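These protein sequences, in sequence, are chains A and B. Its first residue numbered 1, the first sequence is counted upward by one per residue in the numbering used here. Its first residue numbered 1, the second sequence is counted upward by one per residue in the numbering used here.
What the hints contain is simulated information worked out from the structure, not anything from laboratory work. Quantities reported herein were computed from a predicted structural model and do not represent experimental measurements. Here a beta-carbon is modelled for each residue, glycine too, at the ideal position from N, C-alpha and C. Take these hints with a grain of salt, some might be off.
[As the list claims (entries may be wrong)] Covered stretches of chain B (chain A as the covering partner; in silico rule of three or more C-beta atoms under 8 Å from a C-beta of chain A):
hint, region
1, 31-40
2, 44-53
3, 83-95
4, 102-114
[As the list claims (entries may be wrong)] In silico DSS-like pairs for lysine-lysine, Cα to Cα no more than 30 Å straight-line:
hint, chain 1, residue 1, chain 2, residue 2
5, B, K42, B, K113
6, B, K1, B, K68
7, B, K42, B, K109
8, A, K7, B, K109
9, B, K1, B, K109
10, A, K65, B, K1
11, A, K7, B, K42
12, B, K42, A, K65
13, A, K65, A, K7
14, B, K109, B, K68
[To be verified] In silico negatives: residues of chain A with every beta carbon more than 12 Å from chain B:
hint, residue
15, C13
16, Q14
17, R15
18, S27
19, Q28
20, G52
21, K65
22, S81
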Amino acid sequence: SAVISQKPSRDICQRGTSLTIQCQVDSQVTMMFWYRQQPGQSLTLIATANQGSEATYESGFVIDKFPISRPNLTFSTLTVSNMSPEDSSIYLCSVEEGYTEAFFGQGTRLTVV
Amino acid sequence: KQEVTQIPAALSVPEGENLVLNCSFTDSAIYNLQWFRQDPGKGLTSLLLIQSSQREQTSGRLNASLDKSSGRSTLYIAASQPGDSATYLCAVRPSFDSNYQLIWGAGTKLIIKP
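So that you can see chain B by itself, here it is in the shape it has in the complex (with noise of 0.2 Å):
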């Protein structure tokens, strides 16, 4: 059965910084992964889709990596700032499930300090 972490689950980092976010899977038959940003009581923003034949996707300061093998991806901030503030969640699509429905990490809680 597919889980997903994120490590850590909270982060407070100074305005300026470039950081990284983790998320970790335990079958490498995964169709594609998605990172999400959601602030405080809303709904998700997608961020990055990462397909399975992709090693890394870019937008803007963000970078999101996927090595199936190792089964993890990473969620690169450059320059962060106090807008980038919020939590940010991963999600895997398994290859084989019946349903190809999403399962999700927990989360990792960014704080950005002015």
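Isolated chain A (complex conformation) (with noise of 0.2 Å):
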């Protein structure tokens, strides 16, 4: 199973400045997700981060707010810009090599003030 760094695992910040969270992960993957989890809710994929293109976002976030960058097979990162206290949730990164199973990070738990 693939081990999964998350950084950082909390963070208090600003409403309209940004924040960017890393995913290493301990071996190669083909395909790295970007989830959201509102406080209360089920997870909302964001987007797949593909290496060497860019970023597949799902309706209702775009890249504007979203960059997401994917420089190799291990490693990823998920920026939330201009953020205001709607963007307080757990932001996570999953990885999954051929349709199987599924594996998470610790999660990052944002609150914007």
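Reconstruct the complex from the two isolated chains, following the hints.
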């Protein structure tokens, strides 16, 4: 199973600022995903991070708000830009290989004040 | 469109009891189903993965079953312990969705009372 390190584990940020979340995997993986989990809700997929190409965003999420980098097969970052209190959520990095088992990082608990 | 439902939304039981968590899905055309555990404010831990051709999977005190024809999966926890307290999520991967993305249930919040 893949081991995923996600940083930071939590942060409190001022509105209008940006936060970059890092996701490091202990092995090379093709598919990496970023999810958002709003308080009391289930997971919502933000985007699929593709190595060597632009991320693929789900409906309701745009690159200007959530820019993603995927410089290699073991690392990705998600930036939450121009934050507002509505962005307060848990952000989760996930990896899969070939539509099999999904593995998650420890999550980043973001509070925007 | 595939939908995943988990009932009950919350469950509180005394320590030592055997319990069953339910996950139902509307379309039987699935590739696999996965159960996860989430502690408050944390990420997800994969518990069990059941492929569409399998009927059940076991790991320690956990047993997950899959009945595609009825659109149901159950997670059985034997001899529950306070450390089992968490939210349990199930996710289904559709067979014929072009993205094969996971479809998530809302979770069951489990509290095991000492």
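Original post:
Would G52 of chain A pass as off the interface with chain B, using Cβ distances and a cut of 12 Å?
Top reply: Answer for G52 of chain A: holds, closest chain B Cβ roughly 19 Å.
Subject >> Check of the region 83-95 of chain B against chain A for coverage (Cβ-Cβ below 8 Å, three residues minimum) >> reply: holds (count 3)
**OP:** Would you check chain A against the region 44-53 of chain B, counting CB to CB pairs closer than 8 Å, and say if three or more residues qualify?
**Re:** holds (count 4)
Original post:
Hey, K42 of chain B versus K109 of chain B, does the alpha-carbon distance stay inside 30 Å?
Top reply: Holds: K42 of chain B and K109 of chain B sit about 14 Å apart, inside 30 Å.
**OP:** For the pair we were handed, K109 of chain B and K68 of chain B, check the Cα-Cα distance against 30 Å.
**Re:** 24 Å, holds
Subject >> Hinted pair K1 of chain B and K68 of chain B, Cα distance within 30 Å >> reply: 16 Å, holds
**OP:** Given the hint that K7 of chain A pairs with K42 of chain B, test it: the Cα-Cα distance must not exceed 30 Å.
**Re:** Satisfied, since the Cα-Cα distance of roughly 12 Å is no more than 30 Å.
**OP:** Examine the region 102-114 of chain B: at least three residues should have C-beta closer than 8 Å to a C-beta of chain A.
**Re:** Holds: 5 residues of the region 102-114 of chain B have a Cβ under 8 Å from chain A.
Original post:
Does the no-contact call for S81 of chain A survive, Cβ to all of chain B over 12 Å?
Top reply: With a cut-off of 12 Å, S81 of chain A remains clear of chain B, as the shortest Cβ separation is near 22 Å.
Original post:
Given the hinted pair K7 of chain A and K109 of chain B, is their alpha-carbon gap at most 30 Å?
Top reply: 26 Å, holds
Original post:
For K65 of chain A, which was marked as not at the interface, is the minimum beta-carbon distance to chain B over 12 Å?
Top reply: Holds, because the least Cβ-Cβ distance between K65 of chain A and chain B comes to about 20 Å, which exceeds 12 Å.
Original post:
Count the residues of the region 31-40 of chain B with a beta-carbon closer than 8 Å to any beta-carbon of chain A: does the count reach three?
Top reply: holds (count 4)
Checked against the numbered hints given earlier, this structure breaks none of them.
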